[in-house]
Amino acid sequence: MVCSAFSQFDMEAYKLATNLSLIIQPGDSFFPLVSAIDSAAHSIKMTIFRMDDPIVRDALKAAVARGVKVQALVAQEAKGWVKRNKKLSTDLAELGIDVKIHESVNKKIKRYHYKILTVDDSQSLVLTFNPTKLNLHYARDFGVLIRDPLIAAELNRLFDADWSGERFKPADTALVISPDNSRRKILELLRSATRSIRIMDAKVRDQEMMVTLIHKAAAGCDVKIIGRDVLDDKVLPNFHVKGLSRFKLHAKCIVVDGTWFFVGSQNLRRVSLNRRREVGIIIEDDVMARRIERVFDEDWLAGAELVSESGKQ
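For the sequence shown, the numbering used here begins at 1 and goes up steadily by one.
Bear in mind the hints are in silico, worked out from the structure with no lab data behind them. Take the hints with a grain of salt, since some may be wrong.
[What the hints assert, rightly or not] Okay, derived cross-link-like pairs now, BS3-like style, lysine-lysine, Cα gap no bigger than 30 angstroms in a straight line:
#1 100 - 61
#2 133 - 86
#3 133 - 242
#4 110 - 86
#5 169 - 133
#6 83 - 110
#7 108 - 61
#8 79 - 203
#9 100 - 79
#10 83 - 61
#11 86 - 100
#12 87 - 248
#13 79 - 61
#14 110 - 203
#15 100 - 110
#16 69 - 87
#17 108 - 83
#18 169 - 248
#19 61 - 203
#20 87 - 108
#21 242 - 169
Generate the whole structure from the sequences, applying the supplied hints.
See below:
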């Protein structure tokens, strides 16, 4: 059943398992990225916030060698990685990859943080993780491989706009794009919940999002957050927060009522929703949503109660 909050989306394609693959880290490692890159026949477009995995780099090199046009947009202001990203840009260019450093001409965009990859205008990867050894092997992260030319076309349109420094106006799709429509779409997703909300996000700091979550908990919705920095100013019976014990928490995902889920680069904080280029996607798929919930439940059982800034649990 499609929630009324998402009646504007044609989500039928996302109910077909053949169109989607869920990526879970740690576990899936670099294999989904390398497989997608290896399948490319004519084009790859990739955004890079951080990257140090040699296997992914070698896959891109091999793609160039077989005649694939590879474009990489590299973040200019990745914290702690400015020098490394400059060197990475040089190294990738020497491999024959067409490289550009993100430079914003839009004052609304403070930083480019999205993690996407498109292949041959037919399939796309929307990720919470970077192709780094840390994210691929030691951090909790998610991603989605989408085999849909319409989604690939929209992501390519976004990529091309950012590549050329042009302004971008998103079409009405399942994609969630900051700073354009993330706040509205994620709020709609949260407000559609009737039974449960599960969130994995290290930084849940946005006041409007927190008010929505607290209202949902007060109305009887079971709200659980695995986070690290959570704006938690109330204690409610249905509102619980834990930290992640087993891995580094890097995921940004939401599951609503065990049916709908969001995966993307957006944290639930103001700067991520309003001032950065971020990309995610909202999907209706019971099987995948429950897979994410099972991972959440395992991490929840192993987690520790998180003490908020006010000293409350």
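So, going through the hints one by one against the coordinates:
For the given pair, residue 100 sits about 17 angstroms from residue 61 by alpha-carbon distance, which is consistent with the 30 angstroms threshold. In summary, the hint linking residue 133 to residue 86 is supported, as the alpha carbons are separated by about 19 angstroms, within the 30 angstroms threshold. A threshold of 30 angstroms between alpha carbons decides the hint, and for residue 133 with residue 242 the separation of about 25 angstroms falls inside it, so the pair holds. In summary, the hint linking residue 110 to residue 86 is supported, as the alpha carbons are separated by about 19 angstroms, within the 30 angstroms threshold.
In summary, the hint linking residue 169 to residue 133 is not supported, as the alpha carbons are separated by about 34 angstroms, beyond the 30 angstroms threshold. Only pairs whose Cα atoms come within 30 angstroms are accepted, and residue 83 paired with residue 110 is accepted, the gap being roughly 19 angstroms. Only pairs whose Cα atoms come within 30 angstroms are accepted, and residue 108 paired with residue 61 is rejected, the gap being roughly 34 angstroms. For the given pair, residue 79 sits about 16 angstroms from residue 203 by alpha-carbon distance, which is consistent with the 30 angstroms threshold.
The straight-line distance between the Cα atoms of residue 100 and residue 79 is roughly 18 angstroms, inside the 30 angstroms bound, and the hint therefore holds. A threshold of 30 angstroms between alpha carbons decides the hint, and for residue 83 with residue 61 the separation of about 22 angstroms falls inside it, so the pair holds. The hinted pair formed by residue 86 and residue 100 meets the criterion: a straight-line CA distance of about 10 angstroms does not exceed 30 angstroms. As the CA atoms of residue 87 and residue 248 are separated by approximately 26 angstroms, the hinted pair is consistent with the 30 angstroms bound.
Our distance criterion of 30 angstroms between C-alpha atoms is met by residue 79 and residue 61, whose separation comes to about 26 angstroms. Pair hint residue 110 plus residue 203 holds up; C-alpha atoms about 18 angstroms apart against a cutoff of 30 angstroms. Annotation: proposed proximity of residue 100 to residue 110 holds, straight-line Cα distance about 17 angstroms (limit 30 angstroms). This hinted pair checks out: residue 69 and residue 87 have alpha carbons roughly 21 angstroms apart, not beyond 30 angstroms.
A C-alpha spacing of about 25 angstroms is found between residue 108 and residue 83, which places the hinted pair at or below 30 angstroms, so the restraint holds. Our distance criterion of 30 angstroms between C-alpha atoms is broken by residue 169 and residue 248, whose separation comes to about 34 angstroms. In summary, the hint linking residue 61 to residue 203 is not supported, as the alpha carbons are separated by about 35 angstroms, beyond the 30 angstroms threshold. About 27 angstroms separates the Cα atoms of residue 87 and residue 108, which keeps this hinted pair within 30 angstroms; it holds.
In summary, the hint linking residue 242 to residue 169 is not supported, as the alpha carbons are separated by about 37 angstroms, beyond the 30 angstroms threshold.
Hint check: violations occur at hints 5, 7, 18, 19, 21; the rest are consistent with the structure.
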